[in-house]
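J.: Please construct the entire structure, taking both the sequences and the accompanying hints into account.
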Amino acid sequence: MNQSPNLNSYREGPDEDGRFGIFGGRFVAETLMPLILELQAEWDKAKTDPAFQAELKHLGAHYIGRPSPLYYAERLTQHLGGAKIYFKREELNHTGSHKINNCIGQILLAKRMGKTRIIAETGAGQHGVASATVAARFGFPCVVYMGATDVERQAPNVFRMKLLGAEVKPVTAGSGTLKDAMNEALRDWVTNVDDTYYLIGTAAGPHPYPELVRDFQAVIGTEAREQLLEAEGRLPDMVIAAVGGGSNAIGIFHPFLDDKNVQIVGVEAGGKGLDGELHCASLTAGSPGVLHGNRTYLLQDADGQIKEGHSISAGLDYPGIGPEHAWLHQIGRAEYVPIMDDEALEAFQLLTKLEGIIPALEPSHAIAEVIKRAPKMGKDQIILMNLSGRGDKDIFTVGKILGMEL
Amino acid sequence: MTARMDKRFADLAAEGRPALVTYFMGGDPDYASSLEIMKALPKAGSDVIELGMPFSDPMADGPAIQVAGQRALAGGQTLAKTIQMARDFRKEDDATPIVLMGYYNPIYIYGVDRFLDDALEAGIDGLIVVDLPPEMDDELCIPALAKGINFIRLATPTTDEKRLPAVLKNTSGFVYYVSMNGITGSALPDPSLIGGAVGRIKAHTRLPVCVGFGVKTAEHARAIGASADGVVVGTAIVNQIASSLTADGKASAATVAGVETLVMSLASGVRASRLAAAE
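The listed protein sequences derive, respectively, from chains A and B.
The opening position of the first sequence corresponds to residue 2 in the working numbering, with each subsequent residue numbered one higher.
The opening position of the second sequence corresponds to residue 31 in the working numbering, with each subsequent residue numbered one higher.
Read the hints as simulated data drawn from the structure, not as lab findings.
It is possible that some hints are incorrect.
Each pair of labels, with its calculated beta carbon distance range [to be verified]:
(1) Gly115(A) <-> Ala196(B): 20 to 28 Å
(2) Ala104(B) <-> Gly115(A): 42 to 50 Å
(3) Glu39(A) <-> His234(B): 38 to 46 Å
(4) Ser10(A) <-> Lys121(B): 55 to 63 Å
(5) Ala284(B) <-> Gly333(A): 52 to 60 Å
Taking beta-carbon pairs under 8 Å as the criterion, some of the chain A residues facing chain B (in silico) [unchecked claim]:
(6) Arg27
(7) Val29
(8) Glu31
(9) Thr32
(10) Gly82
(11) Asn184
(12) Leu187
(13) Val194
(14) Gln301
Where is the CB? At the ideal position from N, CA and C, for every residue including glycine.
T.: Right under this line is the structure:
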């Protein structure tokens, strides 16, 4: 336990107990333990099963639209006058974000395990839509838990999920946001252990979820690495991604972790600033604790009670973060920085006008960090950024803030 | 302290009846009322007390206990105050075992060593920490046992024969058999199935087996007590407290009295159970 990782690699975690350093683990009720062990056994078989990998690849190509393009953002690069900026275009995936990569992988696992019912939690609704999509595609009934506050804020996604045949259950317990939705999904799972598969949306939760979600998302970084080598003949100097729970970020970071000259930057939701309570920067302003099955950085008070996160982006306001990010932060392999709501909003508008791409508010945080860093870098340097989702879902939020009638 | 718990179960075994184990949320709705409830429990016939430690995100609890925790937190309850509550209780009762029940994060933030020292000094006998399965024993279970505090484990219907020895390995005090898969406060399963499950656990351990989840009435307590060493009642008590509160969530004259009446009734159930079983 707690053995130090192979010093030659940052990519070998987690250990057999599901730990990344002191982070991760399996902090769940006894009722769930046998299920998690069963999932792990099935995952261990699936990841080396050529038939499973072939099906994943086939659906990736024909259903999701992989590989997603690597795009040189020429006008943004010129505008900033520094490093060359490349986007990994995950927003062009089916359902509009990287979330589908994980959902396709996990629904294939659920099928292998003989489960007949899917449950999921969602904040902004992107993971809920992706889960409802794969449930429709594979003919599973699907229940999506969503905080009552989010149901109200994200009406278009609620409608999408319902169209796709999912049942959306508003969660009023607690404060009615993502963490409460996750609590409620765990309660459902504890009650329906025999037939139900819990399709977790981010690289967090009890082992093996952080590992398997990362592995399903690592296709992002693996493709981008190859695409960039082809386009530029070299690796990027910096990889940047937004971090909520952290699945899109770990997906693009992981294949670069052992490339020592590639700087890795995760961007957290700074909300209205780290001085007050209205932010969601678990790594830069939180502390280690235990929630939702893993030890990781959390927003919490001195008594260990979990606080609510705030961000302009509903997809970033989870008060925790995947355990592998917690570890990368602690050992210093990746750097995590906050971006405020107003900076993200400006980046959202700049990208829309310069590149004709409306980004989601989540990657708008990453764009804001690119805007800060690129001008300070040389023109021969390269930034790779994960453009993890499209902004259609956010136009109402943005319109409201900008005072536009929709 | 392990001795107090062992003595209590030994005495009950000699008496020939199961234990009544009562749960309530520490600090619900406020510290003073909650302490009064705690003091009333043994007087009304409770043999073992489970003192709930409120947590913002109680993932294995149903709505009743979630809301009770929110009331307690809103009333200013902290882990330090929950330990203080045990300390205050011990001033007048040195025989009734106290088990702290809750989730790991507040303990982790308090600091495991400091928590165990303070808990021991306050007269706490055991811990039930819902999100620490045997795979996580190094965190709290092993240090607690080393200091002489019982670590009570939950066994569930999903705990199969293969897993049971691992679950029982570092368990002490008693085994808490959760009689169904689900969250606290769900419906009571068929009592006849419980006898078999208790027997299955007893084949692996000499520890007393207490059964909970879904027990609401004296009749439930009697039926479950016929085959178990103890009957755990939680949600029914928490609901009783909730129903006694004023419109603005404050304790009323009926808050402590209502719990007393309910627990006396449940106590009559466990006291009748072996008489019935012996017939």
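J.: Against chain B, with CB atoms and a cut of 8 Å, does the hint on glycine 82(A) hold up?
T.: violated (46 Å)
J.: Are serine 10(A) and lysine 121(B) spaced within 55 to 63 Å by their CB atoms?
T.: With Cβ atoms ~57 Å apart, the hint holds.
J.: Please check whether valine 194(A) passes as an interface residue: C-beta within 8 Å of a C-beta belonging to chain B.
T.: holds (5 Å)
J.: Holds or violated: is the Cβ of asparagine 184(A) closer than 8 Å to a Cβ in chain B?
T.: At 5 Å from the nearest chain B Cβ, asparagine 184(A) passes the 8 Å test, so the hint holds.
J.: Is the hinted range of 38 to 46 Å satisfied by the C-beta distance from glutamate 39(A) to histidine 234(B)?
T.: Violated, at about 21 Å.
J.: Quick check on the hint: arginine 27(A) CB to chain B CB, less than 8 Å?
T.: Holds, because the Cβ-Cβ distance from arginine 27(A) to chain B comes to roughly 5 Å (cut-off 8 Å).
J.: When you take the CB atoms of glycine 115(A) and alanine 196(B), is the distance between them in 20 to 28 Å?
T.: Once the Cβ atoms are compared, 25 Å apart, the range 20 to 28 Å for alanine 196(B) and glycine 115(A) holds.
J.: For the hint on leucine 187(A), does the least C-beta distance to chain B fall short of 8 Å?
T.: This interface hint holds because 5 Å falls under the 8 Å limit.
J.: With 8 Å as the cut and Cβ atoms as the points, is valine 29(A) at the interface with chain B?
T.: For valine 29(A), the interface hint holds, since the closest Cβ of chain B sits about 6 Å away, which is under 8 Å.
J.: Going by Cβ atoms only, is threonine 32(A) closer than 8 Å to chain B?
T.: Since the shortest Cβ distance to chain B is 4 Å, the answer is holds.
J.: If you check the beta carbons of alanine 104(B) and glycine 115(A), does the distance land in 42 to 50 Å?
T.: holds (44 Å)
J.: For alanine 284(B) and glycine 333(A), compare the CB-CB distance with the range 52 to 60 Å and indicate the outcome.
T.: holds (58 Å)
Violated hints, in rising order: 3, 10; the structure is consistent with all others.
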